[in-house]
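K.L.:
Chains as they are written, first to last, in the working numbering: chain A, 1 to 336; chain B, 1 to 314.
Mixed in with the good hints, there may be bad ones.
[What the hints assert, rightly or not] Sample of chain B residues facing chain A (criterion: CB under 8 Å; computed from the structure):
1. 49
2. 53
3. 55
4. 79
5. 82
6. 199
7. 203
8. 225
9. 233
10. 236
[Said to hold, decoys possible] According to the in silico footprint, chain A covers these stretches of chain B (three or more CB under 8 Å from chain A):
11. 94 to 107
12. 207 to 220
Source of the hints: derived by calculation from the structure; they are not laboratory data. Cβ atoms here follow ideal geometry from the backbone N, Cα and C, with glycine treated the same way.
Given next are the chains, with one letter for each unit.
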Amino acid sequence: MPQIITEQNLRNLIDLLVKEAKLVVGPKLSGSVVLYEPLAAGSDLTLDALPRRSSKELFFPICEDILSYKRENGAMKVTDVDRSKFPETVLIGAPPCDAGSPAILDAVMSWDYNDEFYLERRRKSTIVGIACTKGDDACFCRAVGLAPDAEGGSDLFLTPLKDGSYACKAVTDKGQALVAAHQNLFADGAGTEPVPFVDQAVEKLDLVKIKKWLEEHFEDPLWEKIADICVGCGACAFICPACHCFDINDEGSTDDGVRRKHWDACGFAKFTNHASGHNPRDVQNKRYRNRIMHKFKYYDDKFGKTLCTGCGRCIRACPVGIDIAEILETINGKED
Amino acid sequence: MNAKASKTHVTCIEPAYYEAITEAIRKEAVQILKDETVVGVVGYLPGRRKGTASPALVTTAEEAGKLIFSPACVNNLSVYLTKAKKGVLKKGKVGIVAKGCDMRALAGLITESQLQREELFIIGVVCPGVYGFGAERTGTLTEANIARKCRECSVHLPDGADVAAGTHTELADLTPEEAEEMARIEAMPQAERWAFWKEHFSRCIRCMACRQVCPFCYCEQCLCDKNRPQAVESSPRPAGNMAWHLVRAMHLAGRCGGCAECERVCPMDIPLNLLNRRMAKELKELYDFEAGLNPVEKGPLNQYKEDDDQSFIK
Numbered sequence: 001m002p003q004i005i006t007e008q009n010l011r012n013l014i015d016l017l018v019k020e021a022k023l024v025v026g027p028k029l030s031g032s033v034v035l036y037e038p039l040a041a042g043s044d045l046t047l048d049a050l051p052r053r054s055s056k057e058l059f060f061p062i063c064e065d066i067l068s069y070k071r072e073n074g075a076m077k078v079t080d081v082d083r084s085k086f087p088e089t090v091l092i093g094a095p096p097c098d099a100g101s102p103a104i105l106d107a108v109m110s111w112d113y114n115d116e117f118y119l120e121r122r123r124k125s126t127i128v129g130i131a132c133t134k135g136d137d138a139c140f141c142r143a144v145g146l147a148p149d150a151e152g153g154s155d156l157f158l159t160p161l162k163d164g165s166y167a168c169k170a171v172t173d174k175g176q177a178l179v180a181a182h183q184n185l186f187a188d189g190a191g192t193e194p195v196p197f198v199d200q201a202v203e204k205l206d207l208v209k210i211k212k213w214l215e216e217h218f219e220d221p222l223w224e225k226i227a228d229i230c231v232g233c234g235a236c237a238f239i240c241p242a243c244h245c246f247d248i249n250d251e252g253s254t255d256d257g258v259r260r261k262h263w264d265a266c267g268f269a270k271f272t273n274h275a276s277g278h279n280p281r282d283v284q285n286k287r288y289r290n291r292i293m294h295k296f297k298y299y300d301d302k303f304g305k306t307l308c309t310g311c312g313r314c315i316r317a318c319p320v321g322i323d324i325a326e327i328l329e330t331i332n333g334k335e336d
Numbered sequence: 001m002n003a004k005a006s007k008t009h010v011t012c013i014e015p016a017y018y019e020a021i022t023e024a025i026r027k028e029a030v031q032i033l034k035d036e037t038v039v040g041v042v043g044y045l046p047g048r049r050k051g052t053a054s055p056a057l058v059t060t061a062e063e064a065g066k067l068i069f070s071p072a073c074v075n076n077l078s079v080y081l082t083k084a085k086k087g088v089l090k091k092g093k094v095g096i097v098a099k100g101c102d103m104r105a106l107a108g109l110i111t112e113s114q115l116q117r118e119e120l121f122i123i124g125v126v127c128p129g130v131y132g133f134g135a136e137r138t139g140t141l142t143e144a145n146i147a148r149k150c151r152e153c154s155v156h157l158p159d160g161a162d163v164a165a166g167t168h169t170e171l172a173d174l175t176p177e178e179a180e181e182m183a184r185i186e187a188m189p190q191a192e193r194w195a196f197w198k199e200h201f202s203r204c205i206r207c208m209a210c211r212q213v214c215p216f217c218y219c220e221q222c223l224c225d226k227n228r229p230q231a232v233e234s235s236p237r238p239a240g241n242m243a244w245h246l247v248r249a250m251h252l253a254g255r256c257g258g259c260a261e262c263e264r265v266c267p268m269d270i271p272l273n274l275l276n277r278r279m280a281k282e283l284k285e286l287y288d289f290e291a292g293l294n295p296v297e298k299g300p301l302n303q304y305k306e307d308d309d310q311s312f313i314k
């Protein structure tokens, strides 16, 4: 039976979840930018703009302690982080390009090593995705196999309707449980017409063909042509829903400190710099090549998935206007 | 060209103004590549998306014929001439498209012996302004979409360029938003001001875009990348973020030319140019010095004079 929820009841749902002591995270205005932040009440939720950073930070925080150490009576005492204290979390209002990213990242986070920090947060989270009716000329989710109404990754999926309410679909058991526990906020029925989606400038890419070209063109003049202008910051990687490289630093003193895991980016000159001083990716265009290779070849090789959701954040944020959709179109159009 | 002869104040800058500059840039760039005055030209090419542009390093007359200038040409291209980008351009004299604000960075880099004037062919742009971040890219520049730094521009003319493209035109009646914001922050009690910056820096993700686009962040070993031992916490946390931005502001004092690229590229909208502008004010008051107006032998913080003001030592 199809169900709908009014906007007011969606906000009431957030209020209830907060009362249940769950961590509720959703798009919220923070200063001049919209970010995924803890919502104190339903009124905090803002669905007007794609948050500047993706929702990956809910599972893979920008920075987290992974252990602490302290010298006590001559012996070093190491304390692990108690992951059982991670809160039950509900992510509300993530469009498919964000809601879909954990479903991509689960593969690498549970591959040869189980990243228990990530996985524990995943186990304890429910994702309420929402169909995207905004979009601009940087969006290209359709071209990478998603769509403004793709349910993948969401536990409960909302579709904005023309009368301001939302059609609801429980995609997983977790989503079903969320609805069942708050049944009075949902009403039976199909509701009015959905709000139409926005057309995308780059809608079709042959990802198989692109991968094949990448396999055969590790060395190619294209890399210099597109990436010599790259200035080597980490903006693209940090705001990306799929980039997941991290660095580990011990911070504090030799007697008392914390081991921290935080985001890293292949654009940085220090990335893969060996202790000897040698760097196999010695110039910027090789670092940028790694970004494309990782997303459209290596990750597919290992996990059968594309490491990009087409959210367009890197296109909007690149200080020098590097446009990944344009690059993919260029490769897609190549004859050899 | 006779850019100084007259100045026009208008309410909007039409695409035709930028198209005329585009034509002039193409003509010069093609010429200096053809006659081998330069090995390459750093300019702008149009982006895929409407109303966007990207820096470009062109080496053939054919490519130079596609260069553009539009309100989307926001980048300070002088960053490509610094040693942070070494190896990207061939050795030899280089042509560069420069707005007045970019010229200040070039003058500063010459002052710091990073560039030699005779190694540059500067195609100056008489710039009426560029788009602000996230502003509507309509092709026409108005009060509504002009960048904050351009509202108070004092360097519309690219003084010292080899050639200049454009006629002096400015938008009329622009409110000095950044100066007003500065005044607002300066008037805050210290605790409130501290809270203002703490809040902004708490959003910093340490993507280093501010450093990477800065013409003056050309250190081969940035203090903030040091990890043996660590000088500034490299993890994106409030303490390290604060340290990073304050270290950078101090290091740019007397050097920053005010292009505000750091602020433009910040994905978290941290108003970094306010810090640089505050330091510039300090330099003006203490040493009557403005960075990057002209190349000088040494900046005030690179030298010691017996009659320097010592009153700050307590």
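K.L.:
Could you work out which earlier hints the structure fails to respect and list their numbers in ascending sequence?
P.N.:
5, 11
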